[in-house]
Amino acid sequence: MSPRLHLPEAIKDALHFGNSRRDFLKASGALVISFGISTDAFAAAADGAPSAGPYADPDFRQLDTWIVIHPDNTATFYVGKTDGGQGTGTAFRQMMCDELDIAYDTTSLVMGSTDITPDQGGSGGSDAIETDGWPMRRVAAEARRALLELAGKRFNVPVTQLTVKDATIALKSDPTKAVTYAELVGGKRFNIALTGNNVDATRGTADVKPVNELRVVGRSPQRYDIPAKVDGSLTWAVDMKVPGMVHARNVRPPVAGAVLRSVDETSVAGVPGFIRTVRQGNYLAVICEREEQAIRAARELKVNWQPPATAPFPPSDELFGYMRRAAPTSKSEPEVLGDPDAALAGAKLVLEAEYEVPFQGHTAIGPAHALADPSNGQMTIYTNDMKSYGLRNGVAQFLNMPRERVRVVYMNGPQVYGRTAADDAGFEAAYLARTLGRPVRLQWMRNEETAWDTKGPAYVFKLRGGLDAKGKLVAFEYDACAVDYNHVGYNEPDTVLIAQLMGKRPKGPAKGAAATPSEMYAIANRRSTTRVVGLPMIWETPLRTGNLRDPNGPQVTFASESFIDELAAAAKADPVQFRLDLLAEASEDKAFRRARSIAAVRAAAKTYGWDTRPSPKKPATGKASADQALTGRGIAYTYRNRTIAATIAEVEVNRQTGRVWVKRLVCAHDCGLVINPEGLRRTIECGMLHGLSRALWEEVRFDSEKVTSVDWLSHPSLRHSDTPEAIDVVLINGDPQPDRSDLAPYGAGEASHKPVIAAVANAIHDATGVRLRRAPFRKERVLAALRAANV
Amino acid sequence: MTIAKLHVNGATHEVDTAPDTPLLYVLRNDLGLQGPRFGCGLGQCGACSVIIDGAAVRSCTMPVSQVRGQITTLEGLSKNGRLDPVQQAWIDEQVPQCGYCHNGQIINARVLLNRNPNPTDAEIRSAMEGALCRCMTYYRVQAAIKRVARGTTTTGREKAE
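Protein sequences appear in the order of chains A and B. Per the numbering used here, the very first residue in the first sequence carries number 1; after that it's consecutive. Per the numbering used here, the very first residue in the second sequence carries number 1; after that it's consecutive.
Pulled out of the complex, with its shape left as it was, chain B reads as follows (with noise of 0.2 angstroms):
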């Protein structure tokens, strides 16, 4: 066991692991985060996506001790107790059926729109393509995340407690 030290969400935490341990695994049981979940652990789906630096990075095949920079996961994308227009924009167009893939889904368009702020269908469906939806809601995350670029979402809600 090693001690890593991770900023995740504006703090800095330490935690006592496996050099080797995914960081899903920290994220969920050590820093009790529930916005990255386990979905295949093969970096296939996207379920587990957090955003290191501005990238959107597969958590379940990133060993916890090659983890640099800064962490934001599903629960640190609101600002200020309001939520990302991304996930405000996901309660406007109702977008989840179950929700399990959905951090997947938000992250990658919150880092998709970070780096393009008016997307084309093409370059949405291109970004999006390893955001794994088993409910099918790509229809509405399209449409989502298309609010989003107009500008169009009403304004950010409070984040639930």
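Here chain A stands alone, though its shape is the one from the complex (with noise of 0.2 angstroms):
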């Protein structure tokens, strides 16, 4: 046991000691007590208990769910979200202030533990700000419609005659009549019924504040997780310890698809503090007293894993080949638009190029990670799952335990960009912890992580487009194919790798999908078509796909965007001004996206000092020599849902060795209201950042029976040495009525991430007038590419 355990107010309130956190949502009747449809021992043993286990789920349709107000009129909110580390939790937080009328610092924020606070999913699909601050908005105005009620009552004064500031109700006409948010419920309950058909639609009867009245909102309060962060006080999921602890590892399929024959347990039982191992179909773990102790247990097993009989995938460099074979497991009806068959038999000149992006990995920065406590019956998980509420649903599925018997407990942990191996690892160590009987902590190793975490589906692109005589682009096809079969899901069972390894599959793989260019430009006539392709090995593989940051946004983006590009070019035009032109014809303009869209594109050319010229950039004459840098730009847009990015590149190439050096990032974005202006321009560069490794360093590679990216060695990811020496963030609000009281905010966590590779390539051709249209741009494959060209 840790001799010095910090846990954050948060987790303790979270781990009820003292119980006090579930006794007031229990006494308040904002726990909902249901019977799962599991029933299985431990449900039979509930004697007589008025509900299956104590973790029952909090009512979203309770204010208490959502607010307290303590004694010294401070007030703690509840929200049934995850924080990656984008400061959603300071907005949260902000966004609430505004309404309750409290100062900031006086509040503080409890995220994404199952069994108090109320489900909103976890976080995913940037939808934090844009879907669910709306239904902590609008709990928060009816808390303060309902202390402005009692303080009425108080005064006997009708509530028009009251005015509030700080969590102070005062009479307008006389200010020393004053009482607190305290003094009317400080640590007593609201009992105050909500209405909403689901939890995204929670209201009660008060109205959210018009926009000109949020005083909290639009400053940028420091983000309150970050102090803890930096002086090493926080504990994490990673740190998190209780009595009794094992520490556990896993023993992966040396090859992808290979049986498990024979473990000689003998082969580790001189393993100091060799407790046991675990096996169930192809899952096998080891379980040790100490990690050290796992982590050799685990290296040293002898284990009897016979191949497969045939190759689970082909290799890496022979993937987009099988692809463009391979028939599809599922395809979309085609989205068509006019005649493009007769605008590309009538165009004056036609394009067509192909477009390839490899499986990128999620490879998270601190290994999947997590500790199950199995005491009393009752399963507790510690975890950093963004999606805590489905990992406890799908572990009391997986564990057939009652709901009411399992809890998520979230903490902080490393990057959640999408449905990472988090997951994962919450249902194994549930499940050894379950089969020991003892807490357990897993931790995954590093080439565990890299190999066999979550991939964003790898994709081949075709596209086909038409200009006219005067060079405006009169048809657009698109068709696109991407390996997404197995794709993981939301919790269920059968999509984690342990339910797999162990032979649980009751239904097909999750069929996946592939997506469509996100733009506003008019063209007369399109078709699109889309298809999805397997692998294969369709189960237990290291190729499972799943959610990543934008799930297709990047690789449909440098498809589509780089496209618009070649385009651009072909007519002579400049890429700017042949989006602008594109743009400026489209008539549908849901949530304004067309206006915005124009307005960032303009943003983001302003802001860089855009020359108008089309692109290639015309070589350097005269002093041109072998070893300068070849310098250009490149512009790439796209929306994600209702926000808009437009981002601009610098690159500076190395005609020597090939290298892309992304000099200068610009993006204009536009989501909307900005609720805290400096959390979101770090949100925004970042996400460029992670576009830019992506566009620059990032393939998971492998042979025709294992992944062999396996480290940062294999596996390269964007360092220091890469950063752009300047990175301009312009946030714009393109809304043709900018001041309206009605203003949304949008989501950021994905947007600016997804013109990224498309702006980096556009950029390399403007420098070399080479295009390349496979990512990522690693040094070896640019130089390949302009030796080709002869640049």
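No lab work stands behind these hints: they were computed from the structure. Remember, it's a predicted structure, so these values are computed and weren't measured experimentally. Be a bit skeptical, because a hint or two may be false.
[Claimed, not checked] Derived pair list, reagent style BS3-like, types lysine-lysine, alpha-carbon separation capped at 25 angstroms:
no.	chain 1	residue 1	chain 2	residue 2
1	A	Lys348	A	Lys472
2	A	Lys618	A	Lys572
3	A	Lys153	A	Lys241
4	B	Lys5	A	Lys663
5	B	Lys5	A	Lys241
6	A	Lys470	A	Lys348
[To be verified] A short, non-exhaustive set of chain A residues, derived as facing chain B with CB atoms under 8 angstroms:
no.	residue
7	Gly84
8	Thr363
9	Ile365
Even for Gly, the Cβ is constructed at its ideal location relative to N, Cα and C.
Each chain sits in its own coordinate frame; assemble them with the hints.
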């Protein structure tokens, strides 16, 4: 047991030292007691208890589930989201403080722990602010309304005669007559029922404030989670310890699809601290008293694996050819606008190009981990899984336990840009803890994380475009093929790795999807087709796909925005102007995406100092020498849901080495109402650099039996030396009525990430005249392309 | 098992462990420190960095029996309850996203600045090259290092309890 375990207050609360929070919810009727469908020994052992277990669902239709006013006139907010480090927690507090009329510094926030916060689904799809912020704002507004009503009764005046500031309500006519929120409900319950068919629709009777009355929103309080992250005092999921805890490590098949024949436990019997192996089907783990012992035992354990009779997948070098030939597992109905065939036939110039993006991984900096505690017939999982609620439901189903006996305590952890192996580790730790009957902490090793974590789907694209005699784009054909069969779901037990290794496969694999571009270009004739293909090995595969930061966006936008650039070059048009012309004619304008797209493209060009001319840049004459670095700039634009991003990259391409350095990045970003400008800027910056890492480095490689990208040498990622020397983020508001009182905030976790590969490819073309249609742009690939083009 | 004597953040500890145990696990699991973290176990990412006698060391590949000298971890950077200027710059600049790797970023920045209080951009990039960040906070890390070099961090705040 650790001699010093500093738990954040929020986590102490979640852990119920004194059971305070859950008792509070129970007494207020804010816990929903329901009986799950599971009927196993645990449920039977409930000996007449009124519920199937202690961890009932907090009722989102009770105000007390969301907000507590404390006797010292501070407040705690409880929300069903998680924060992967983009500062959403700070933003939630800002939004709720504004509606409640309480000072930011006197509030705190608890997130994502399944038994004490309402189920808002955890994180995903950049929806935190855009979707989940609304019920938070409305319940805070409702709390304010309820407090005003109480104060009105106390002073015997109508609420219209009251004024509120910093959690204190006073008479407008006599500010000395005042009452604090704490004096009205401090430490007590509101006991107010809310309405709403689902959690997103939760509301009371009060409305949210108009934008012009928001005071905390729009400012940049520092993120509350940062100080404890930089002084070492924060206890993360990876740090969590409980008495009696032991350590586990997985033992993965050495080649994909291998069948576990036998395990020689005597081979590790001499490892100090060895407790046992756990095996079910092809799932294998070792458990030891200490962490380094478990690592050693996992390494030394003698296992007889039988390789599969046929290759599980083609080697990565042959992947794209395989994809082009493979029969689809599913395909979409073609989306057709106008008559693309006739338009292409009548076009003055027809361009065709194919693009390729390999599998790219999540490869979190901290390998997946979880601690599971099976004490007292319950199961508590400490995790950074961004979808803690789904993990809870999935584990309950997987272990056949009533949901009310399973809880997930969300804690800080390494990056969660999508469905990572954090999920897998939660299931595995729970299974091991249940099997052993002791708390088990599990962490994946680096090679396991890089090789076995879920992957962003690989894509091949074929695009055709037709230009008329004036260089106008009159036809656009888009065909996308993604390897996305067996896509990890939202904690359904059959999609996690341990279940697949155990042979649990009740239905077909998740069928996956291929996506179409997100832009507002007016092109009269279009055809879009998409299809999904599978690899020969479907189950138990290290090439399982899972949502990775805008799951298909970077790939799709690389193809579509590169091709738009190719068309602009063919039309001898400036790439910015070519896009603006296409945007100018569009008519559909849901959420003002067209107007906002135009504003974003213009703002990016203006901030960059864009010189209007066609690409590529004319090669330098006279003094140009072989060692000269070539420079150029490229733009790409897209949207993610309702958020617009236009990005310009400036590159320096080394002719001798092929190295690409992105010297400068500019992003014009419109996500509507900005909650915390400084927090937003950093999220946009980091989203861009994550995109840059995918543009320059990231690629999962494999031979015909295993993934060979296993560490930071075999799977390089962006480094300090790759960092641009300047990044400009312009926060714009291209709404036709920028000051409207109901201006909505949109998501920002992914939009800036999406266009970067395309912007870099376009900049490389501008600099060199060479078009790279295969990501990532590692120096060997770039150099080969430069040599082939005699640049 | 053998007894290893470790001098960590000004205190001396005796730990009973196998001599080849990487220092990282002793710091985390025996001494309860939470700054150094497991990232790769291969010395490739820097998340486990600690300072030993002034040098940044990867604790994930350093056998505990070979450790000599004074170990400083992230927790030991603050002096008299005040944050190290590097930590303060990290707050001022709002550097981390998830923050998992920032033990390594901060430790390596501290060692760089001890040796070279006014590093150039190129020197920063070079010295920090081995500290990986998958949230890609590099731009702000570099800005924070420059902030320390310029001496423009705010007054050290009290360490969180």
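Right, here's what the structure says about each hint:
no. : hint                 : verdict
1   : Lys348/A to Lys472/A : holds (10 angstroms)
2   : Lys618/A to Lys572/A : holds (12 angstroms)
3   : Lys153/A to Lys241/A : violated (49 angstroms)
4   : Lys5/B to Lys663/A   : violated (48 angstroms)
5   : Lys5/B to Lys241/A   : holds (24 angstroms)
6   : Lys470/A to Lys348/A : holds (9 angstroms)
7   : Gly84                : holds (6 angstroms)
8   : Thr363               : holds (7 angstroms)
9   : Ile365               : holds (4 angstroms)
Checked against the numbered hints given earlier, the structure breaks hints 3 and 4 and satisfies all the rest.
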